[in-house]
Amino acid sequence: MRDMLSKQAVGLKPSGIRKFFDIVSEMEDAISLGVGEPDFDTPWHIRDEGIYSLEKGRTFYTSNSGLAELRQEISNYIKRKQGVVYDPQHEVLITVGGSEAIDIGLRAVINPGDEVLIPQPSFVSYEPCAIMAGAVPVIIELKEENEFRLTAKELEDAITEKTKMLILPFPNNPTGAIMERKDLEEIAEVIRKHDILVMSDEIYAELTYKDKHISIVEMEGMRERTILINGFSKAFAMTGWRLGYACGPREILEQMTKLHQFAIMCAPTTSQYAAVEALRNGDEDVREMCMAYNQRRRYLMNAFREMKLSCFEPFGAFYVFPCIKEFGMTSEEFAERFLEEEKVAVVPGTAFGDCGEGYLRISYAYSLDNLKLAIGKLADFVARLRAEA
Amino acid sequence: MNKFSDEQFIQPRICAGASQILLIAEQNLIFCSRPQRKRFGMEEKMREELLKIIERNSRIDLKELAVILGVEEIDVVNELQALEDEGIICGYHTMIDWEKTSIEKVSALIEVRVTPQRGQGFDNIAERVYKYPEVTSVYLISGGYDLLVTLEGKSLKEISGFVSDKLSTLDSVLSTATHFILKKYKDHGTILTKKYEDTREKVSP
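Protein sequence lines correspond, in order, to chains P and G. Under the numbering used here, the first sequence has 373 at position 373, and the numbering climbs by one with no breaks. Under the numbering used here, the second sequence has 30 at position 30, and the numbering climbs by one with no breaks.
Please keep in mind that the hints were generated in silico from the structure rather than gathered at the bench. All figures in this text were calculated on a predicted structure; none of them were measured in a lab.
Quick list of in silico lysine-lysine cross-link-like pairs, PhoX-like style, CA-CA up to 25 Å: (1) P:Lys372 - G:Lys52; (2) G:Lys45 - P:Lys212; (3) P:Lys343 - G:Lys195; (4) G:Lys202 - P:Lys13; (5) G:Lys45 - P:Lys210; (6) G:Lys202 - P:Lys372; (7) G:Lys157 - G:Lys184; (8) G:Lys202 - P:Lys19; (9) P:Lys210 - G:Lys52.
Input sequences plus hints: build the corresponding full structure.
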């Protein structure tokens, strides 16, 4: 048979996470610190609303862009949190997780050969989605010395005439880095100057441990050139419900809605009803979960200090990104040996881009007891490596 | 911990100049190292966080408590002392599922209707009830009855004996309704019937 496959699809590198997942899933008794989703159950009142919608027989499609009620709640929520207003009719689109919004957001604006700037280490989907949309991904390597924030200079240096869009992944998975107002003001200036678009993936917006999250859309002139992506997975512990959303200027959202309509039709109806409840009555749940994450974050930072493992202090998401360069191993070697010898799974930093080399992603979406157990093993492992050296 | 967030401190009564503010600051610093100066203790938010943690786990190690709150151990010690002194922390109990032991225990809820006494309201009668050691809690309740009494005893007989001999015979008690507890599913925010199980994929992006 002829070669029937898409060259672009074949050319995509399989996710580094997948490879590691295969090893871990064969080990029955492995403790994992490799999970990228909350350990909390979806709060009961939200689940209950989903169940109720099923009982009432709300099992049909919703409108393509999502339940009007939910879009209204999202609009209210962003106004409350960010002080920016989106028209729920034309500027809010409900998607199947933030991931779908990333995909169709890129496809809605990219013409072949457009360059998309992707700061890394970052979430695994941006690069393949950009490639499949026909863009040329241009990687910006974020540095630990800048606390893995994107600086105006790094941005400026990466921009060419072909640059169409910047992906802004903060609070960041895997580093836990955040962008504060000053950082955003500085890059906003560069973005305005070069007239480029922004895709701001703020899925971890509720999980920050310094000041409250600030969005790029709050900066002058940014709202009209930004696709703001968020969702329910992280803030409300709703990963399996697959529900996210995109907000942005009407012209872009119209194109995205078309793509969404033809590929997906609409986001899951049950999830949309549950999400209305989440936005109406979920603030306290978010606060409680955020408090618990922060306690674990402090615990980990202290544990790293005690075992003298270098790690910048992250203020967002639920990851820490310690540096393991002192051991003279690659991230993958370290992670594999750690798994083999101590049966603890962490994700090598390289799963999130080549510049993640020398780092590990450790998730703290685990109970403190679980973390204590795993970190005790890490301390033993680190001590053993140092003794070997 | 920010000891300077107290509004009374930020707006000193006399602020002639920077040096004087500094002087006041120093004086206050001396004061706030003493636990009895509660005004200068932990911020309200952190206090709440501390209480929430120890409400769920009163055996938590003090050092660990300090780490996860992001404060010094001595501050935790002082704050706990202050909370005890203020009567906010009233005790440190252990949750026990007696069902799983071989020890026989029976618990009951009793709804009690009483006649309030002039000048005393319900307080006197509540006191007469809560003084019995087998009574584990007494609440004044709005609605169809007045006091909700929970009781623990060795047997059905012991509990019914308490109700008929002691409780019902009190002058102000009009009526009682006793409900025996058959099974505890959840108690003090803890689910007793099921253990948490992590069903997530072991590694995910």
